[in-house]
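Asker: My request is simple: use the sequences and hints to build the entire structure.
Protein chains: 2
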Amino acid sequence: MKTNKASWVTIPENSDFSIHNIPFGIFSNSDETKRIGIAIGDHILDLSVAASLGIFNLLKIDEHVFKNEFLNPFIDLGKKTTNDVRLIIQNELINENSVLKKHDKAFILQSEAKMHLPVFIRDYTDFYSSIEHATNVGKMFRDPENALLPNWKHIPVGYHGRASSIITSGQDIHRPMGQTLPIGEDKPVYTTSKRVDFELEMAYIIGKSTNLGETLNTNNAEDYIFGKVVFNDWSARDVQKWEYIPLGPFLAKNFASSISPWVVTMEALEPFRVQGPEQEPDVLSYLEYSGKKNYDIKLEVALQPENEAETTISHSNFKYMYWNMAQQLAHHTMNGCNLSVGDMMGSGTISGKSPDSYGSMLELAWAGQKPIKLNDGSERKFINDNDTVIMRGYCENDNIRVGFGEVRTKLLPAKNN
Amino acid sequence: MKTNKASWVTIPENSDFSIHNIPFGIFSNSDETKRIGIAIGDHILDLSVAASLGIFNLLKIDEHVFKNEFLNPFIDLGKKTTNDVRLIIQNELINENSVLKKHDKAFILQSEAKMHLPVFIRDYTDFYSSIEHATNVGKMFRDPENALLPNWKHIPVGYHGRASSIITSGQDIHRPMGQTLPIGEDKPVYTTSKRVDFELEMAYIIGKSTNLGETLNTNNAEDYIFGKVVFNDWSARDVQKWEYIPLGPFLAKNFASSISPWVVTMEALEPFRVQGPEQEPDVLSYLEYSGKKNYDIKLEVALQPENEAETTISHSNFKYMYWNMAQQLAHHTMNGCNLSVGDMMGSGTISGKSPDSYGSMLELAWAGQKPIKLNDGSERKFINDNDTVIMRGYCENDNIRVGFGEVRTKLLPAKNN
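Residue numbers (our numbering), protein chains in the order written: chain B, 131 to 547; chain P, 131 to 547.
What the hints contain is simulated information worked out from the structure, not anything from laboratory work. Mixed in with the good hints, there may be bad ones.
A pair counts as met if it fits within one copy or between any two copies, since identical chains are not told apart.
[Unchecked claim] Here are the simulated DSS-like pairs of lysine-lysine, each with C-alpha atoms no more than 30 Å apart in a straight line:
(1) K283 with K371
(2) K197 with K449
(3) K317 with K449
(4) K422 with K449
Answerer: Listed below in structure tokens is the structure:
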């Protein structure tokens, strides 16, 4: 039972959205106006209504911030203020005399609301920070004896991704067209991708901008992170294989990337800090860090064929990350590259050591050599048309649970081109 | 003499900003308010003033569009309207009875104005579309006999870049810190980049958004291009070499990228269309095109040491591009990747066939083996501290000249870290 603080809102046992969480998102319901809400149990608290009731008056926040179509102006108020908002909400939801209790209209059932992309993502960077994933890919496509590339343990390898095609949970996508090189051929073809895959990732949202020329270090980098989401970095493996040398993945990735709609704050994740893996050989000075900078966040991937029940096909954990977020940001800004509120940083595929913890079909089915069995008896090497991929994340200890909800995306057949 | 249409504004002979050009930009002067202007001769016509005088009344444009800090809302009016604005301005600047003639305040000397980044760049993609550049790089770093990679003649290779660190002419940058692998060593170091380089490119600005899932083809792609700028894609070669496998360039590029401040419309460039190079082997169906889709745009790079005169070190031309813009956009959207007004697409380094037409120091000085001599007697393998790199572009025929002005960036020493 995770009920160490009693709220007057009914919160189902083991809800991701406990009183300890209070994640921020953008929702709309019948009137279609986008605004900020927080998730509590099965409900959304409409912060534009909460603000109009005066509960944030001490903070002197312009009420338009809560009626924005993105969280960016809210996040841009700064961690001090956004934390205060979260604490005031927690307090009101515990206080039996809260003004919110008398205002039913402040609460909307999640099942009756539509969630939207929570932030305007200015720039999106994806890292490649799971050693297990990088090793698996290296074994499959390069030298099994030297699976990791020479730079991997020195650099939190990353690359720029496409911001425009990031979507949120519930938006269907189409199987992409692509240019691929059939095995054994020397001429490419224009075709539908045959190897559409997910990548189980988490992403964090930048909470504070920097100027061009400014650098962060591993001590202050966490002050620049607002919160986290679960992230499905859709990938077309056959397209990627043919296009990625020498400038990296492009069309293999930018047809769509899906994130969960609730941004869980770093403050909510604080109780789940853990020590990261040992880094050997020693990293360069600007990447050295101290303290617990990994997080114990349990991750799951389920695959649901059309009209069938879902099958959980992977259990992983964010704590496996070799490179932590502070190291990623110290690296990203070492040359003065500037960050903006709303930038999104992906972790890269998060694989664990055991085959049932791998974070992509590529690894789970080992490049098609070991098809995955689903509960309905069918098999998968990659994602089929009309399959839905669902990713979930949550933190849990004896007392509290803080979850991310899910990111759910259905792969529709290719459009006729 | 390029004076086929007489304007009542004094336009210096061979000005980039002839009556045939009318490029759009964002400027401010003494009052520091950013607004839209067009360049004419040595002057800027303030479009917020021109609009207040009623010259665009027929078009029913909200005047706030001209007082915006970016061109995006203006571009978003659509090509029909932005072309009409350009034609009305041309007409007024020729008409001796124009109301503008009586309003000195509508004109500001360029020397007394500050230019700003013209567009909010939503997403930035850089292509790699010069066969001469790709061949030179392949010869230097891979196999001289098989310099081009197998995919190069099939794919307009591109990758995502960093939008936040794109700056305009006149903003100085600092030599970046970076992680590099010294030659002959197996452990990287944290140091200042020793091989800072420019890349002579052009970039185009997307003029019309598409939806996720929508594809363009080589026939309609040009309708989605608003105009072009000259582009210096700053690069740290030593950083790039160590970081770029397997996900492409990252910190080697994102410390800064500089563009010229005036966006020259595709309509102004129309007289300079030329046939592109033959593409052999045949490209896949979605990349086939007809008509003249290259442009004869002369490009120059000059290098100016501190307190010295500049030396022109390269003469190139945009017409050398192997892959044209329509092919790049057909490729970029083949998988449904969505475009936004204000996206920027770089060409990749534009090198010609002869060594004096190469578009980077890497090629001009052949990886340091053939240092470039400057007029002051000094030599360069890469860019020194306090050097200024200046790029210019212009189109010219017997009758008219349409130019881009310049993009000028000074490389200051590394900050103390």
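Asker: Now, for every hint given, state plainly whether the structure supports it.
Answerer: Against the structure, the hints come out as follows:
no. : hint           : result
1   : K283 with K371 : both (23 Å within a copy, 16 Å between copies)
2   : K197 with K449 : neither (35 Å within a copy, 49 Å between copies)
3   : K317 with K449 : between (43 Å within a copy, 27 Å between copies)
4   : K422 with K449 : within (10 Å within a copy, 55 Å between copies)
Violated hint: 2 only; the structure is consistent with all others.
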